[in-house]
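In case you want the letters, here they are:
Protein chains: 2
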Amino acid sequence: MLDRVFGPRRARQFHRLLHNGKITLLCLVLTIVVLRGNLGAGKFGTPEQDFKEIRETFYQYRGKRAEPRRVLEEIQTTTEQTTSSSSTNNYAEFDINKLFVDEEDDVKKNPNEPYSIGPKISDWDEQRGEWLKQNPNFPNFVNPNKPRVLLVTGSSPKPCENPVGDHYLLKSIKNKIDYCRIHGIEIFYNMALLDAEMAGFWAKLPLIRKLLLSHPEVEFLWWMDSDAMFTDMAFELPWERYKDRNLVMHGWNEMVYDEKNWIGLNTGSFLLRNCQWSLDLIDVWAPMGPKGKIREEAGKVLTRELKDRPVFEADDQSAMVWILASQKERWADKVYLENHYYLHGYWGILVDRYEEMIASYHPGFGDHRWPLVTHFVGCKPCGKFGDYPVERCLKQMDRAFNFGDNQILQMYGFTHKSLASRRVKRTRNDSSNPLEVKDELGLLHPAYKAVKVPSS
Amino acid sequence: MLDRVFGPRRARQFHRLLHNGKITLLCLVLTIVVLRGNLGAGKFGTPEQDFKEIRETFYQYRGKRAEPRRVLEEIQTTTEQTTSSSSTNNYAEFDINKLFVDEEDDVKKNPNEPYSIGPKISDWDEQRGEWLKQNPNFPNFVNPNKPRVLLVTGSSPKPCENPVGDHYLLKSIKNKIDYCRIHGIEIFYNMALLDAEMAGFWAKLPLIRKLLLSHPEVEFLWWMDSDAMFTDMAFELPWERYKDRNLVMHGWNEMVYDEKNWIGLNTGSFLLRNCQWSLDLIDVWAPMGPKGKIREEAGKVLTRELKDRPVFEADDQSAMVWILASQKERWADKVYLENHYYLHGYWGILVDRYEEMIASYHPGFGDHRWPLVTHFVGCKPCGKFGDYPVERCLKQMDRAFNFGDNQILQMYGFTHKSLASRRVKRTRNDSSNPLEVKDELGLLHPAYKAVKVPSS
Chain A
55 MLDRVFGPRR ARQFHRLLHN GKITLLCLVL TIVVLRGNLG AGKFGTPEQD FKEIRETFYQ
115 YRGKRAEPRR VLEEIQTTTE QTTSSSSTNN YAEFDINKLF VDEEDDVKKN PNEPYSIGPK
175 ISDWDEQRGE WLKQNPNFPN FVNPNKPRVL LVTGSSPKPC ENPVGDHYLL KSIKNKIDYC
235 RIHGIEIFYN MALLDAEMAG FWAKLPLIRK LLLSHPEVEF LWWMDSDAMF TDMAFELPWE
295 RYKDRNLVMH GWNEMVYDEK NWIGLNTGSF LLRNCQWSLD LIDVWAPMGP KGKIREEAGK
355 VLTRELKDRP VFEADDQSAM VWILASQKER WADKVYLENH YYLHGYWGIL VDRYEEMIAS
415 YHPGFGDHRW PLVTHFVGCK PCGKFGDYPV ERCLKQMDRA FNFGDNQILQ MYGFTHKSLA
475 SRRVKRTRND SSNPLEVKDE LGLLHPAYKA VKVPSS
Chain B
55 MLDRVFGPRR ARQFHRLLHN GKITLLCLVL TIVVLRGNLG AGKFGTPEQD FKEIRETFYQ
115 YRGKRAEPRR VLEEIQTTTE QTTSSSSTNN YAEFDINKLF VDEEDDVKKN PNEPYSIGPK
175 ISDWDEQRGE WLKQNPNFPN FVNPNKPRVL LVTGSSPKPC ENPVGDHYLL KSIKNKIDYC
235 RIHGIEIFYN MALLDAEMAG FWAKLPLIRK LLLSHPEVEF LWWMDSDAMF TDMAFELPWE
295 RYKDRNLVMH GWNEMVYDEK NWIGLNTGSF LLRNCQWSLD LIDVWAPMGP KGKIREEAGK
355 VLTRELKDRP VFEADDQSAM VWILASQKER WADKVYLENH YYLHGYWGIL VDRYEEMIAS
415 YHPGFGDHRW PLVTHFVGCK PCGKFGDYPV ERCLKQMDRA FNFGDNQILQ MYGFTHKSLA
475 SRRVKRTRND SSNPLEVKDE LGLLHPAYKA VKVPSS
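So the sequences go chain by chain: A and B. Quick note on our numbering: the first sequence kicks off at 55 and runs consecutively. Quick note on our numbering: the second sequence kicks off at 55 and runs consecutively.
Since the hints were derived computationally from the structure, they do not count as laboratory data. Incorrect hints may have been included.
Identical chains share a label here; the pair holds if one copy fits it or two copies do between them.
[Stated by the list, open to error] Calculated pairs, DSS-like style, for lysine-lysine (alpha carbon to alpha carbon, straight line, at most 30 Å):
1. LYS438 / LYS152
2. LYS187 / LYS492
3. LYS479 / LYS345
4. LYS361 / LYS388
5. LYS174 / LYS471
6. LYS361 / LYS347
7. LYS479 / LYS449
8. LYS361 / LYS479
9. LYS471 / LYS152
10. LYS438 / LYS449
11. LYS449 / LYS471
Given the sequences, and given the hints that come with them, work out the whole structure.
Laid out in structure tokens, this is it:
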């Protein structure tokens, strides 16, 4: 028929053209299909969304730093738009943040109104002494040389910014539960931000003050960061040494009082006595904390006044160094800077020596031979970025946990297959006379945990 | 030149052909480029990998159940091949599983050799009684009517299969720490698989037996699942009621002994006395646990013998119902099936009534008016899939946590802004006489926590 219209030759050419055109068309269609795939087939996103997804797709597959959490959320968002996630049973398809849309930060109230951590209290020792006399069933000493201690730690009410963070917080509190059970110490795990102005490293201050005033039966409050783990389950603190002190931190007198070095002490693990002196210290400590202008300005002062301090907003540790160095006569005689054992131990100098410690020593020393605490300063496992390589941080946190956990497991005849392994193996066969089996470390029923029995 | 070879017409045709060919070629190249994108540009994966990635890509963007964790790992694997993740400080770029390559499951040893949970012990009451006489400093009763209790719970040594799972495990143990601190109960959080054969819901048995035999000072062991939370912080268990019982579970006599209903009791929260009777029960309970053939076959028996039980491998709860129903005379007189309060409370019937409870009652009842425990049966927050919509599970777990947490916060003058909010607000101003402020629930210094002071 074409022949009749154009004549045979033109017809043949047209056919050829048509034939090539088919291939062209096929290719175009294929191209579009695949492209649509990347642009989120099945939904019609806004151009911005589409662009964002193309970008992500590129990042993912070009190996550039794609940020899983975000990719994750986008996948989930995509999913929510296609399937009704409110009815899915698949955790992968649900974005937890959907549950907390209302959770933006509080706005600071009146910026002119000065910050107060609470009403001034000047007679706490009298108030507390009276209460203790009235409540003999809640003694502040469990036995003549062992004070009642409350270990306080905590983490954000939100999930971590990276998925494994919460798993390490879980391991970290399990580790603390173990040490505290063995040593008869109570735990308070905080997940609430009591004072929006004191967010970050300053959040511990309002919490600590509140707990001291609410628990007169507590003699010492032991603050411990969530990224610090007990690595010596057998070490009992030398309470006798602190009988005349109100604040015990790991540190060195020269570095703090002479050098004013911002790392002359560490506030990741410290003891604070429940007394008026401590309330007064908190009153002097807290004013640098309120976030925004105050904290930033204070940071400049601290960087100027202290040795080697980088430029950043005021932190509780630098503030403490500055207070002790600048008001030595007021505080120093009640402060004990401990370095005979690791009340806080920097992980960098400890974690690679665990095997050596196992070969040469045993738990109970608390010092370089077997550190009481291994503190993962700078790893920020609950954040997006740390100051150290993530692989080293996570690997070493597991090693520290297992190193401490082996001391718990040995009580029951088990041990980790290696410091790098989550799995455990038996170290002895079960006995039909289990009570005759002695745990080498004597952690099952340690003397320092024994209770006084009424002389009846 | 073509003209000279073919003559002008053929040449023109050839040009046309070439021209169309160009378009075709362009399309093909474009297609391949985009396809290569999906196949992981920049790296040359094996065909299997490529296929896997195409599949994932399809799932992701077609809104089918894409599994973030896996997508995540693939993105990270991709990343690792291009950038050196061992030196990254970005948690998003690191795959935690890289740290545990050696961690595959143990292979069952000799399948012919019968399973044993440990050497037979027949004189535990004598052994334990002797030990208690020798160790008066570790009494099994903290006061005449309050036994020493060890709450046992735990979770897998691995991170959860979904990223938010670990965050809820963390909230769940914080919740237990709070109840146990107030009620003077010790906690053992297990993260070790002591017996590879008893993985899953059976893992608690070897653990419980080990703890009973290692801690003769413990009178009652309280098992609690990781997905159960305390929602009444003021309720103290009626210990007097159990003085002649060895096992206390939430349940109903008729449903267990008459109906043989597999949900006639719940093993997510139960009390077990430290005595020979309990060891004997465990010896009868455990044999259905070993994974593989035994557990599967036992599952068939249980589904056949019990009312309404779905078809699946043997679980510890069904096994307990079956033991009690089939050997009533042997065990029943020492078992207390509790339903006067929620030792275990199914979340489905409780979580939507929290507001009503707040309006009409107060903590301390432990029953329908204010449940002691809210147990998220079937939500499997640490798994990939739950039996219920994820959004409802997560939302209600947060409500349950906050409902319980409000009772802790009120001691310190705070409360959650709502049961749906992670944020808190003040309920009263701080006082300069903090000890005069009474916490309505009297949880700061409850009578049941008071210690006996030596009559000196």
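Consistency of the hints with the structure:
1. LYS438 / LYS152: both (20 Å within a copy, 18 Å between copies)
2. LYS187 / LYS492: between (41 Å within a copy, 18 Å between copies)
3. LYS479 / LYS345: Result: close only across copies, 18 Å inter versus 49 Å intra.
4. LYS361 / LYS388: within (24 Å within a copy, 68 Å between copies)
5. LYS174 / LYS471: Cα proximity of LYS174 and LYS471: across copies only (27 Å, versus 54 Å in one copy).
6. LYS361 / LYS347: Close inside one copy (23 Å), not across copies (67 Å); limit 30 Å.
7. LYS479 / LYS449: within (20 Å within a copy, 39 Å between copies)
8. LYS361 / LYS479: neither (48 Å within a copy, 39 Å between copies)
9. LYS471 / LYS152: between (41 Å within a copy, 17 Å between copies)
10. LYS438 / LYS449: Classified as both; 17 Å inside a copy, 25 Å across copies.
11. LYS449 / LYS471: The answer is within: 15 Å in one copy meets 30 Å, while 38 Å across copies does not.
Hint compliance for this structure: hint 8 alone is broken.
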